[in-house]
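Protein chains in written order, with this note's numbering: chain L, 9 to 269; chain S, 8 to 244.
Calculated from the structure, these hints are not laboratory results. Careful, some of the hints might be misleading.
[As the list claims (entries may be wrong)] With a Cα cut of at most 20 angstroms, we get these calculated EDC-like pairs of lysine to aspartate or glutamate:
#1 S:K76 / L:E156
#2 L:K153 / S:E69
#3 S:K118 / L:E49
#4 L:K158 / S:E69
#5 L:K17 / L:E248
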Amino acid sequence: MISAAALAKRVAPVFACFGLLAVWQIAALALKNDSFPTAIEAIRAIPDILGDKEALINILASLRRMAMGFGVAVLVSIPLGLLMGRSRAVAALFNPLLMVIYPVPKAALMPIIMLWLGVGDITKTLVIFLGVSLPVIYHSFEGAKAVEEKMLWSGAAMGLSAMQRLVWIVLPAALPEILTGCRTGLVLALITMITSEMIARQSGAGNILFNALDMGQYDTVYAMIIIVGAMGICLDAMFERVRARLVRWSEPQFDLPLSFS
Amino acid sequence: MSDISLTIEEGAFVSILGPSGCGKSTLLYIVGGFVSPTSGAAKMKGKTISGPGPDRGPVFQEFALFPWKTVLGNVMYGPRQQGVQAAEAEGQSRALIEMVGLKGYENFYPKELSGGMKQRVALARTLAYHPEVLLMDEPFGALDAHTRTRLQNDLLNIWERDRKTVLFVTHSVDEAVFLSDKVVMMSKSPGRIRQVINIDLPRPRRRNELLLDPRYQKYVVDIERMFDEVDETGSPL
């Protein structure tokens, strides 16, 4: 049996989606503009895209670059952020560098990177890497900084070395904060993925989207937006599941989840 | 702090009492090896203390439990770190959890426990790696009066069983008298040892008997008066 409240919680996102589509449909019918297809036309174009082998290869290539950029960024950023949070020297060394990189839109660096590394996978993956790194470093840093001193002392009394304390105490204690950064990073990975393909038009989901735009296939444009959006929602929901499982020990008992999982 | 000279015998329960800001916790952290003294040295069994070690087990007011570990996981942490086999560490830890009165809570996470229960876990976690000295930093300071009394009783029972050396920082006079063999009274700015008072009360101590004992009452009244003096001379409020 599902309670009424639980049922409402499950049904609410579905309602929201249908509501949005309905507003779109009505607006498109009212405006009668060529460049603004109705929701139904856009949805009809989705199977065409997903059934096309070429398009699928492009989307998979996008996802592969995204996974690569995100994975490497997380593997590099978590240790760096934790070290910065626990060592004043490391923080002093990297802080100015990050302060400079932080406000620069990563896509703005693309022309330079393209000059050096070409328009291939490496350039796009590198841009995704840069986009994901900063929030993960920042949250790892904040999480490590907030670890209670006495908890580390307790570990030291048990005989843990400084390195062991970083891995076995700081890392788990900061994990909720780190995963918040990773969640932001995941969405940024998707954004930078599309942006990079928009600038270096060679392959990928962003490439399909902008080629369709050039050729005036507006239903395909909107269908691609729905596909990319759905990818984002699915990835976020999957991540949220993993996150909730990993940090169950830290969650408040009653929580308003901010995801579609 | 300045001119601190204090020697503690093995197996003694010693309380450090003083107004806030007199450095009584800092003194404890120096013995723990968590903080280095700017001058002078702390020694244990003739060896200068240079850092933390499992021979000195801290229990903090803030509990400082590992929130991602269950009660059992927290208590087993020290022995496992010391290289004790998992099965053996688990057996010992379960016994300790029972001793501090938390049987049935082995698989709970710290966030699911009350303050008093958390401090019981923290005590068990420290006892689990068999430190020679227990360093207790206002361990019951964050607890309500009733819980505090119960934990004092239980601590005394546990201590009277194996008589570990205990260094206990507090600002509660009756807590210090009730528990200790010796009370070290500190004054502030600069933090100095004002007086060391031997508490000559029989053991095992029972709270209900002790509270009616005129000798206990005299210790409390005398030390409270001394506390007032050091607090007034220390700072112009």
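List in ascending order the numbers of the hints, as given earlier, that are violated by the structure. The structure conflicts with hint 3 only, although it agrees with all the remaining ones.
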